[in-house]
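Colleague: Residues in the sequence shown are numbered from 23 upward in steps of one, following the numbering used here.
Warning: the hint list may mix true and false statements.
DSS-like, lysine-lysine: derived pairs with alpha carbons at most 27 Å apart [to be verified]:
hint, residue 1, residue 2
1, K149, K64
2, K172, K71
3, K189, K53
4, K192, K72
5, K72, K141
6, K64, K53
7, K79, K192
8, K71, K189
9, K79, K189
10, K71, K192
11, K53, K79
12, K79, K64
13, K189, K72
14, K149, K96
15, K141, K192
16, K53, K141
17, K71, K149
18, K79, K172
Hints in this document: simulated from the structure, not taken from any laboratory.
Quick caveat: nothing in here was measured; it's all calculated off a predicted structure.
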Amino acid sequence: MELKFYNLFIFFISSVLLGPALVALISFNNKVISDEHFGVTKSFFQGYKKNFFISLKVWVPLLIIAFVIIFDIKLCFVNSKFLFLIIPLTIMLVINILLMSYSLMIISKYTINTIDTLKLSFYLLIKNPFTSIINLVIILLSIFILINSKSIITLFTVSISCFLIAKNMKHVFFFIENTYLK
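All chains, please: the whole structure from these sequences, using the hints.
Modeller: So, in C-alpha cells, the structure goes:
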C-alpha cells in the first residue's frame, strides 16, 4: 500500500476509535498485572465506558499530530530539497508515539485531566529514558509483526504489546502514586 493522502485520511478516520479501545485494553491488562479477580468482557467494557471521552480528548490531538508528521515526511520524500527535515520529523514522530503510550497508560489507571496527563507524560518520557526506549522497542516490534506476519499471531500482537508495556511501566505507576497523587 502506497502512502497517499486519501489512504492517510481513511486510516486516520478508522484510527479515531482505536484510542479508547487501547485504553480499555490497557485497563484490563493493569487488572491482570495486579491480580484482581474480574470478568474479562465486563472489565474490558467497563474500562471502555469509563475512559471513552477522556481518552478521545488525549488520543485525537496526538493522532492528528502524528498524521501531520507522517504527511510531512511523505512530502519530504517527494521534494528532495526538504530531505534534511526527515530526521527532525522522525524524532518528533517517535516522541509523539511515546507520549501516546505514556498518556494512554496514565488515563487507563488514574483520573487526571487532559493537560495534566500530557504534562505528566512528557515529564515521565524525559525522566525515564530506559523505560521509554523499551516501550519504543515493544511498539516497533509489534508494528513489524503486524506488517510482515500473515499468521494468527497478528490477532494477539496488540494485546501482548499492551501487556508488555503495562508490565514495563509498573515502576512508573509506583512513582506516580507516590509523587504525583499524594
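Colleague: Does each hint fit the structure? Answer for all of them.
Modeller: Now for the hints, and whether the structure bears them out:
Annotation: proposed proximity of K149 to K64 is violated, straight-line Cα distance about 35 Å (limit 27 Å). Pair hint K172 plus K71 does not hold up; C-alpha atoms about 32 Å apart against a cutoff of 27 Å. At roughly 11 Å between alpha-carbon atoms, K189 and K53 fall within 27 Å of each other, so this suggested pair holds. Our distance criterion of 27 Å between C-alpha atoms is met by K192 and K72, whose separation comes to about 22 Å.
Restraint check for K72 and K141: the C-alpha separation of about 22 Å stays at or below 27 Å, so the hint holds. As the CA atoms of K64 and K53 are separated by approximately 12 Å, the hinted pair is consistent with the 27 Å bound. For the given pair, K79 sits about 24 Å from K192 by alpha-carbon distance, which is consistent with the 27 Å threshold. Proximity of K71 to K189 is assessed by CA-CA distance (about 23 Å); at most 27 Å being required, the pair is judged to hold.
Taken as a hint, the K79 and K189 pair is honoured in the structure, with Cα atoms around 25 Å apart against an allowance of 27 Å. A hinted pair counts as satisfied when its Cα atoms are at most 27 Å apart, and K71 with K192 qualifies at roughly 24 Å. Restraint check for K53 and K79: the C-alpha separation of about 23 Å stays at or below 27 Å, so the hint holds. This hinted pair checks out: K79 and K64 have alpha carbons roughly 24 Å apart, not beyond 27 Å.
Using a Cα cut-off of 27 Å, the hinted pair K189 and K72 holds, with the two alpha carbons roughly 22 Å apart. Among the hinted pairs, K149 with K96 is inconsistent with the structure: their alpha-carbon atoms are about 31 Å apart, more than 27 Å. A C-alpha spacing of about 19 Å is found between K141 and K192, which places the hinted pair at or below 27 Å, so the restraint holds. In summary, the hint linking K53 to K141 is supported, as the alpha carbons are separated by about 25 Å, within the 27 Å threshold.
At roughly 31 Å between alpha-carbon atoms, K71 and K149 are farther apart than 27 Å, so this suggested pair is violated. Proposed proximity of K79 and K172 is contradicted: the alpha carbons are some 34 Å apart, above 27 Å.
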